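Start from the sequences and build out the full structure, keeping to the hints where you can.
By the numbering used here, the letter at position 27 of the sequence shown is numbered 48, and the numbering carries on one by one without gaps.
The hints are simulated quantities; they were obtained by calculation from the structure and are not laboratory data.
Worth double-checking, as some hints may not be accurate.
[Claimed, not checked] DSBU-like, lysine-lysine: derived pairs with alpha carbons at most 35 Å apart:
| hint | residue 1 | residue 2 |
| --- | --- | --- |
| 1 | K38 | K59 |
| 2 | K58 | K38 |
| 3 | K38 | K55 |
Since this is a predicted model, take the numbers as computed values, not measurements.
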Amino acid sequence: MTANNNARPVVVSYTPKILRNMTEICEEMGVGPKTVKKWVEQGAPIAVGGEGGNSRYSAEAVRLQAWRTGPCET
Numbered sequence: 022m023t024a025n026n027n028a029r030p031v032v033v034s035y036t037p038k039i040l041r042n043m044t045e046i047c048e049e050m051g052v053g054p055k056t057v058k059k060w061v062e063q064g065a066p067i068a069v070g071g072e073g074g075n076s077r078y079s080a081e082a083v084r085l086q087a088w089r090t091g092p093c094e095t
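The following block contains the structure:
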C-alpha cells in the first residue's frame with residue numbers, strides 16, 4: 022500500500038434537525054402533546070417559551086432522542 026500525497030482531507034459536517042414547534046416534536050418522536058409536556062417536566066432538552074396556551078416549544082431531534090433513550094452502555 023502506498024501513501025497518496027494528493028489525498029484530500031475528509032470534512033464531516035453536521036446540521037442539526039431543529040423541531041420548531043409542538044407538532045414537529047410530536048411527529049418526530051411519535052408521541053402526543055401530553056407526553057411532550059411530561060418530558061419537559063422531567064428535564065428533557067426542549068426549549069419552552071411563553072406561558073399557558075401561548076407556549077412555544079423547540080428541540081434538536083438528535084439530542085431529544087438521546088435523552089429519551091438514555092445513556093449508552095459500554
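Status of each hint after checking the structure:
1. K38 - K59: Holds: K38 and K59 sit about 22 Å apart, inside 35 Å.
2. K58 - K38: holds, 20 Å
3. K38 - K55: holds, 22 Å
Of the numbered hints listed earlier, not one is contradicted by the structure.
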